[in-house]
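K.L.:
Sequence:
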Amino acid sequence: MTLALSAPRAILFDLDGTLADTAPDLGGAINRVRRARGLEPTPYERLRPVASAGARGLIGAAFGLRPEDEGYELLRTEFLAAYEKDIALESRLFDGVEALLARLEALGIAWGIVTNKAARLTDRLTPLIGLGHAACTVSGDTTPHAKPHPAPLLEAARRIAVRPEDCWYVGDDLRDIQAGKAAGMATFAAGWGYCGNVEPATWEADAIIASPLDLLEFIRPGT
Numbered sequence: 001m002t003l004a005l006s007a008p009r010a011i012l013f014d015l016d017g018t019l020a021d022t023a024p025d026l027g028g029a030i031n032r033v034r035r036a037r038g039l040e041p042t043p044y045e046r047l048r049p050v051a052s053a054g055a056r057g058l059i060g061a062a063f064g065l066r067p068e069d070e071g072y073e074l075l076r077t078e079f080l081a082a083y084e085k086d087i088a089l090e091s092r093l094f095d096g097v098e099a100l101l102a103r104l105e106a107l108g109i110a111w112g113i114v115t116n117k118a119a120r121l122t123d124r125l126t127p128l129i130g131l132g133h134a135a136c137t138v139s140g141d142t143t144p145h146a147k148p149h150p151a152p153l154l155e156a157a158r159r160i161a162v163r164p165e166d167c168w169y170v171g172d173d174l175r176d177i178q179a180g181k182a183a184g185m186a187t188f189a190a191g192w193g194y195c196g197n198v199e200p201a202t203w204e205a206d207a208i209i210a211s212p213l214d215l216l217e218f219i220r221p222g223t
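For the sequence shown, the residue numbers in the numbering used here are 1 to 223.
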């Protein structure tokens, strides 16, 4: 790899679509809301790409509604209740994530989670899928702003006592890269994730990585 980056003291990760494949449970929840209304399930292949956008993306794909539309808030409440009830039936870490995190710990590099998921959901999910030992976890309602605002990333850096410029951020959505850049962090697009409907090549991340373990190639020996 030829990309010149300062060695990180900490690496922060998005959750849904980056560390964990949560789309099956998110999609299952929105389809339970559809079934309760007597509607056919939305095909999974339409739901998976928007899973990183949470309620906004899934309600948009399943019902064609935006946050400002009438009826959206009721659907959002029902969706979140359905998801919280069965939050980790099929969710799992992506292949390579467990090995990556273990290697970072062996190198003395702290790792944390910065997600737009509400804290009540993050705090319930992470221990169930093996992420309960993160150095920090910052959720979408931890600070007054969610990504793409840099506030959650800056809060994570504060919590682990690392300067933002000594952190890297990895995510599978454009807003992750926008937040990381605004926070002054090196940014990596998680090419294995959901990635929405916008090609990662257009996000202006410092690099696109095809699998979690590929991140290690950017860490210089001895760091």
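Since the hints were made in silico from the structure, they are not lab data.
It cannot be assumed that every hint is accurate.
In silico EDC-like links for lysine to aspartate or glutamate, alpha-carbon gap of 16 Å or less [said to hold, decoys possible]:
1. Lys181 x Asp206
2. Lys181 x Asp166
3. Lys85 x Glu40
4. Lys181 x Glu155
5. Lys181 x Glu165
6. Lys181 x Glu204
K.L.:
Decide, hint by hint, whether the structure agrees.
P.N.:
Results for each hint:
1. Lys181 x Asp206: holds, 9 Å
2. Lys181 x Asp166: holds, 13 Å
3. Lys85 x Glu40: Violated: Lys85 and Glu40 sit about 21 Å apart, past 16 Å.
4. Lys181 x Glu155: holds, 15 Å
5. Lys181 x Glu165: Satisfied, since the Cα-Cα distance of roughly 10 Å is no more than 16 Å.
6. Lys181 x Glu204: This hinted pair holds, its Cα atoms lying about 9 Å apart.
Hint 3 from the earlier list is the only one contradicted by this structure; the remaining hints agree with it.
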